[in-house]
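K.L.:
Listed here are the chains, written in short residue letters.
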Amino acid sequence: DTGVSQDPRHKITKRGQNVTFRCDPISEHNRLYWYRQTLGQGPEFLTYFQNEAQLEKSRLLSDRFSAERPKGSFSTLEIQRTEQGDSAMYLCASTRLAGGITQETQYFGPGTRLLVL
Amino acid sequence: AQSVTQPDIHITVSEGASLELRCNYSYGATPYLFWYVQSPGQGLQLLLKYFSGDTLVQGIKGFEAEFKRSQSSFNLRKPSVHWSDAAEYFCAVGVRGQKVTFGTGTKLQVIP
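Sequence order for the protein chains is A and B.
The first sequence finishes on residue 1038 if you use this note's numbering, and the numbering steps up by one all the way, no holes.
The second sequence finishes on residue 198 if you use this note's numbering, and the numbering steps up by one all the way, no holes.
Simulated from the structure, these hints should not be mistaken for lab results.
Model, not experiment: these values are computed from the prediction.
For each residue, glycine too, the CB sits at the ideal point set by N, CA and C.
One or more of the hints may lead you astray.
[What the hints assert, rightly or not] Sample of chain A residues with no beta-carbon within 10 angstroms of chain B, all distances over it, derived:
1) S987
2) G993
3) F995
[Stated by the list, open to error] In the BS3-like style, the derived pairs of lysine-lysine whose C-alpha atoms are separated by at most 30 angstroms in a straight line are:
4) B:K135 with A:K978
5) A:K932 with B:K193
6) A:K932 with A:K992
7) B:K154 with B:K193
8) B:K147 with B:K193
9) B:K135 with B:K154
If we strip away everything but chain A, and leave its shape as in the complex, we get (with noise of 0.2 angstroms):
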């Protein structure tokens, strides 16, 4: 079990520029959540798949965000004509739904780190 991984962890952009954040989950985990975490806040949900297909979508997420999940294992999230307001981290967690259960526990990677200039 190597955890959550997240990739790149800093990433410095400029104002409308587009950014492609990506996360591994743990292997057996089918189920894949985004958040954002503003400074001062608790992360906010974002997106979350089961396998490929993206089930639920924040009001937060704008229509210059997407997330795609193409094979059901690593995830990626993109944010285009970035803006200083997207200045956030950014955190995958993953959890495994087995048998109709789901094991319920997220697991969050490190984070990406966001700064629009």
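Assemble the complex: chain A is given as a structure, and chain B must be docked to it using the hints.
P.N.:
Showing chain B alone in chain A's frame:
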């Protein structure tokens, strides 16, 4: 929709003293409750969780939490704080199989 309130933004305790971090939740059914800890610039580490059963749950690093349905609370406790416990602590409530809603966190400072 579920929500979590952590009324204390900052708490300072002396090393060796006891600690209690408060958490109140709002959810219509029996919630899944969690406490996570986050060190600066790091991800979240699970300290403990409550799903059902015994309302006093034990976690890692000597932490425990008690679920009190009548008070809608899930306070985190530790009998003797160590300097390495300085971090930010998040209480969270989960809906089965879906997203987790976090509180705004409590920053713990430990003084020698």
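K.L.:
For every hint, state whether the structure bears it out.
P.N.:
Outcome of the hint check:
Every Cβ of chain B is farther than 10 angstroms from the Cβ of S987 of chain A; the closest lies at roughly 18 angstroms, confirming the non-interface assignment. For G993 of chain A, the requirement that its beta carbon stay farther than 10 angstroms from each beta carbon of chain B is met, with the minimum near 16 angstroms. With a minimum CB-CB distance of about 17 angstroms to chain B, F995 of chain A clears the 10 angstroms threshold, and the non-interface call stands. A distance of roughly 25 angstroms separates the Cα atoms of K135 of chain B and K978 of chain A; the hinted pair therefore holds under the 30 angstroms criterion.
Between K932 of chain A and K193 of chain B, the direct Cα distance comes to roughly 25 angstroms. Compliance with the 30 angstroms bound is thereby established for this hinted pair. Proximity of K932 of chain A to K992 of chain A is assessed by CA-CA distance (about 25 angstroms); at most 30 angstroms being required, the pair is judged to hold. In summary, the hint linking K154 of chain B to K193 of chain B is supported, as the alpha carbons are separated by about 23 angstroms, within the 30 angstroms threshold. For the proposed pair K147 of chain B and K193 of chain B, the alpha carbon gap of about 17 angstroms is at most 30 angstroms, so the pair holds.
The hinted pair formed by K135 of chain B and K154 of chain B meets the criterion: a straight-line CA distance of about 14 angstroms does not exceed 30 angstroms.
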